[in-house]
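Peer 1: Listed below, chain by chain, are the residues.
Protein chains: 2
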Amino acid sequence: MAERLSADARKQALSGIPGWAELGGREAIGKTFVFKDFNEAFGFMTRAALVAEKMDHHPEWRNVYKTVEVVLATHDAGGVTARDIELAKAMNAIAKLTPT
Amino acid sequence: MAERLSADARKQALSGIPGWAELGGREAIGKTFVFKDFNEAFGFMTRAALVAEKMDHHPEWRNVYKTVEVVLATHDAGGVTARDIELAKAMNAIAKLTPT
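Residue numbers (our numbering), protein chains in the order written: chain A, 1 to 100; chain B, 1 to 100.
Hints listed in this document are in silico derivations from the structure and should not be mistaken for laboratory results.
Hints are not guaranteed to be accurate.
For identical chains, the list gives no copy identity; a pair is met inside one copy or between any two copies.
Claimed, not checked - Pairs of lysine to any residue residues, derived as SDA-like cross-links and limited to a Cα-Cα distance of at most 25 Å, are as follows:
# : residue 1 : residue 2
1 : K89       : G43
2 : K31       : G79
3 : K36       : M55
4 : K36       : A77
5 : K54       : T67
6 : K11       : K36
7 : K66       : A82
Just chain A, same shape as in the assembly (with noise of 0.2 Å):
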């Protein structure tokens, strides 16, 4: 099982992924992608979900046309672990390709 980051662990990997912070009153990590319009956001959203399945680890995220508010967690570790930080690199990679 992926074990759980310190806080220094934490702040340290967030400054290798952009856009991604630590959430207030909770351990999970969140960022906000903004797309063109609904087709780009939820193709992300697509590309993204392919690669949560094959993790076997999913995101809680909510979606408002072109906007993609995702929190990553990882419950059975009670926070943040290297997984959730594999899934959002993973995140910026594909929105990286989306247009904006």
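Once you've looked at the hints, dock chain B against the given chain A.
Peer 2: Just chain B now, kept in the frame of chain A:
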């Protein structure tokens, strides 16, 4: 443009779409769908996204693993319109085909 439904018209329309209810504090309707797993939940979202895009009328929705919380409202009309009822019906029809 679709016209905002009156409270009576909303109530009557809701009686025909099981599981949908008016939201507190906001003129909108909502339903929480629960499926078997992420695959089924995201499959539902994908089919619903295609319908929404075709209608050019999009949901606000949140997905956590096998759960999809949907809120529908027509922003331009400042409330619930026939388009929301139509999308809600389509979502119920899609969910019926999706294992829970």
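Peer 1: Now look at each hint and say whether the structure bears it out.
Peer 2: Hint by hint, here is what the structure shows:
no., hint, result
1, K89 / G43, "both (17 Å within a copy, 24 Å between copies)"
2, K31 / G79, "within (16 Å within a copy, 29 Å between copies)"
3, K36 / M55, "between (27 Å within a copy, 18 Å between copies)"
4, K36 / A77, "between (35 Å within a copy, 23 Å between copies)"
5, K54 / T67, "both (24 Å within a copy, 18 Å between copies)"
6, K11 / K36, "neither (30 Å within a copy, 35 Å between copies)"
7, K66 / A82, "between (28 Å within a copy, 23 Å between copies)"
Going down the numbered hints, you'll see the structure goes against just number 6.
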